[in-house]
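Visitor: Starting from the given sequences, assemble the full structure and let the hints guide the process.
Protein chains: 2
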Amino acid sequence: MIQRLIEGITAKDAPVVVGLDPNISFIPGFILKKAESAAEGDIPDYCEKENVIAAEAVWQFNKAITDAVYDIVPAVKPQVAMYEQFGIPGMIAYRRTVDYCRSKGLIVIGDVKRGDIGSTSEAYARGHLAGTGFDVDFATVNPYLGSDGVKPFIKVCKEHDKGIFVLVKTSNPSSGEFQDVLTGDGRAVYELVGKMVREWGSECMEGVYSNVGAVVGATYPEQAKILRKLMPHTFILAPGYGAQGATAADLSGFFDADGLGAIVNSSRGIIAAYKKEAYSKYGEEGFADAARAAAIDMIEDLRGAIHGARTVWNTGR
Amino acid sequence: MIQRLIEGITAKDAPVVVGLDPNISFIPGFILKKAESAAEGDIPDYCEKENVIAAEAVWQFNKAITDAVYDIVPAVKPQVAMYEQFGIPGMIAYRRTVDYCRSKGLIVIGDVKRGDIGSTSEAYARGHLAGTGFDVDFATVNPYLGSDGVKPFIKVCKEHDKGIFVLVKTSNPSSGEFQDVLTGDGRAVYELVGKMVREWGSECMEGVYSNVGAVVGATYPEQAKILRKLMPHTFILAPGYGAQGATAADLSGFFDADGLGAIVNSSRGIIAAYKKEAYSKYGEEGFADAARAAAIDMIEDLRGAIHGARTVWNTGR
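Heads up: the sequence lines are chains A and B, in that order.
If you're matching positions, the first sequence starts at 1 in the working numbering and goes up one per residue.
If you're matching positions, the second sequence starts at 1 in the working numbering and goes up one per residue.
Some clues are possibly wrong.
Note that the list lumps identical chains together, so a pair holds whenever it fits in one copy or between two copies.
Below are the SDA-like pairs computed for lysine to any residue, each with C-alpha atoms no more than 25 Å apart in a straight line [to be verified]: (1) K225 with V181; (2) K151 with A35; (3) K49 with Y100; (4) K276 with A257; (5) K49 with V208; (6) K63 with E48; (7) K104 with D297.
For the record, the hints were derived by calculation from the structure and aren't laboratory data.
On a predicted model such as this, the values are computed, not experimentally measured, just so you know.
Guide: As C-alpha cells, this is what we get:
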C-alpha cells in the first residue's frame, strides 16, 4: 500500500494529504440549512434528528471538498472523532466519505488513533483495514501499549495490503510531556518509539519504504531530523502544517534525497480556507474552490521544501 | 460520577466490573443461529448482512449476560472494538448495550481508549460522555499525546458529571516496552503518567476520589503498589484478573484502607465462563447462569483480597 501512496505523490507531484476534519463551524450555513431536509420523514432508530442533519451536512461538505481536490492531491485523512461525535449517523457519514474518496482514486488515511491489545487490537484492525466495518487504506495507531497493540495491525496489513502510521512525535504543544522525556541512556521516549517502529516496519517492507509509517509533527523539525535518520525506511505522516504553525521550511528535514519519505497534512488550512483573508474572495458559496486554491498554494510551498531537502542531501548532511 | 461508582461497589459489596467484549467465539451457536433472522427482509444502507447478524447476536448475548449479573455487580465495561469491527450495525449494538445496561442501573465504562488533541479530543469526549453520539458514564483515555489530549475530556466530565480512566500501566505482557522505561531521574514512564493523572484529577475531585481514574493492570502488582501511593485519590480500573493471569492476591495492593480505590475487570472469565471446565455443568444454553456463577465466585475471591488490603493498611506498610 505504501507503494501506491508513493505513486500517488509522485504522479501528482504533491506530498499533501487533505484532512477531512469537518468541524461544524467550518461548514457553510447554506449546507447546514439544506441538510435539514435529511431529517424530514421517518428517522431510523438510534439516529437523533440533530445528528442526522449534522451528518448530512458533513457528508455534503466532504463531497464538495473531495470533488474540488481529488485530481491534485493523492490522499485524504478523515479524522473519525469528527464523525463519531454524531453517533450512528456520524459513522455512516464517515463510511460514505471513505468510500467516496476511494472511488475517486484517493488513498484514504483513517485518522482513528486506535490501539489496544491482542484480539481487541485485531478487531480494530479488521474493522478499519480489512473492510469488515469500514475500509480505509491506512489507519493511525497509538503505540502506548507496546508491541501487543501494534502487531495485530501489522498482521492485518500484511493480509490485506494496507498500512499504518504509528504515533511517534505528535504535533501538539504538550506532546513532549511523555514523548520527550529523556530515558536513562539519554534518548527520548519518542526515539525509543521510533526505533520500535523501524523494527515493526522491517516485517512489511514494500520497496524502499515500509507499510508501517510514523506520525511526526511538522511542528517539531529538530526531532524529525533525528527520526528521519533513525527510521530511514519509515514513511512519515506530518500533521501541523499551516493552522498549527509549521512552515515549509520546517519540513525540509522530513524528506529523503529523492524528495520522498513524507506526506504533509493540512486540515482546516484547506477545508476552511474560505474563512481566511487570503481566500475570502471565494465567499461561502465558493468554499470548495477556496479549498482547491489553498491546496495548490500548499503544494507549491512544499515543492520548495522538497527542493531544499534534495539540496541538503546531495551536499551531505 | 466516581461517587456513584463507589456507592454501587459498596451497596453490592463487589469491586467488580464485567467486561462486555463479545468476541464471536464466545457466543453460543444457538444465539448466532437465531440472529440470522435479523437479516431477513430489507437491510438498511451501509449494513452488510453478515454484520447485521453478528451485531444482533452480540446484542442478544449482552442482554442475557446483563440480565444475569446486573443485581450483583455495579458496572460493566463494553470494549468498543468488538462492536466497531461490525461497522454501522456493530455501533448500533454498542449503543443498545450501553443504553440497556444504564437502564438496569449499571455504571457503564466505555472502553474506547480514545485520545487526540484539542477540538478533536473534545469531539471524542462529547461523542462518548456528553451523549451527543453515545452515552457512557466513564470512558478510557490514552495519554500518549499529553495534557492536550486529556484535558478536553476533563472539561466534558466536569460539565456532564462523568469520569475517565487514563491508561497508566496496562495489563498486557509488552506494556513495559514504553511504560516501564526508566527516565533520567530513575522513575519509570508509567510513574510520570501517574503523576500527571494525579494532577489532572485534582481538578475534579468528588469526595476522596477524583473523576479522573487510572487503568493499572492487575498483572502488575508491584507497579500498582507504587502507583497506589503516588495517586492516593485516583480510583483504579484493574484489568487482567483471571484470563490474563492475575489473582486476588495480586490485587491487595490496589485497594485503600477502606477496601475501596479499585474496581477489577473480568471479561471472558465471566462472559465465556460456560466454556470453562469449572462451569461446564451449565452447558451452552446456560451461558448466562454460568456468567452469574463466575461473577459470584470472583466477588467472593476479591472480598478476600480486600480483607488482606485492610489488614496491611491497618498494620502499617
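Visitor: Output the indices of the hints that this structure fails to meet, ascending.
Guide: Failing hints, ascending: 2, 4, 5.
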